[in-house]
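Chains as they are written, first to last, in my numbering: chain Y, 1 to 110; chain R, 1 to 114.
Keep in mind the hints are simulated off the structure, nothing from the lab.
Any given hint could turn out to be false.
[Unchecked claim] Derived DSS-like pairs: lysine-lysine, alpha-carbon spacing no greater than 25 Å straight-line:
| # | chain 1 | residue 1 | chain 2 | residue 2 |
| --- | --- | --- | --- | --- |
| 1 | R | K71 | Y | K94 |
| 2 | Y | K94 | R | K55 |
| 3 | R | K53 | Y | K94 |
| 4 | R | K57 | Y | K94 |
| 5 | R | K53 | R | K70 |
| 6 | Y | K94 | R | K3 |
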Amino acid sequence: GENVEQHPSTLSVQEGDSAVIKCTYSDSASNYFPWYKQELGKGPQLIIDIRSNVGEKKDQRIAVTLNKTAKHFSLHITETQPEDSAVYFCAASKFDDMRFGAGTRLTVKP
Amino acid sequence: DVKVTQSSRYLVKRTGEKVFLECVQDMDHENMFWYRQDPGLGLRLIYFSYDVKMKEKGDIPEGYSVSREKKERFSLILESASTNQTSMYLCASSLGGERNTEAFFGQGTRLTVV
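Please work from the sequences and hints to get the whole structure.
Following this line, the structure appears as structure tokens:
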């Protein structure tokens, strides 16, 4: 089955700096790659996603890049703010079967 | 807005008990999922269902079963709870039909087995 690896497991940045989280996947048939943010006491919520026919997608301070050949994708958050502090999960999906990475705990220091 | 509701936020059960975790979604989604969340291990798929009465094993189905008698409801059953099943359990749903769309999550049920 699909195996998703996510790095780093923890990330601490100063407010205003950029944060990058990287994921790799194993199954070349995966074609949908969402990113989720989980705040304390809540379920994960989608923040951005990308499909395999697109190399990059941006939404305000958040961007995702996908390299299908290398089977890796990354989340980029610019101008980080304290409210960006949360756990972030990447996922890879094919035919609705979605598998997740281990998560990255991002801390943004004011 | 899609709403996925898990019946309990916190549960404490004894070893050997049969435990039912219930999940309901209100957006007519075809797919429903049960994940287990543990620190450092992320979200691991236990079971998913792509239609009523249909189920597929995920990565860690041992010790669990599921039931989907109605489209909106997906139950996770721990046949005989053990301490190593102490965890956060997350239910999710998605549109289905192999359209590969985002999953919507419930708030989670934190289960403690003593």
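message: Tell me the numbers of any earlier hints that the structure contravenes, in ascending order.
response: none
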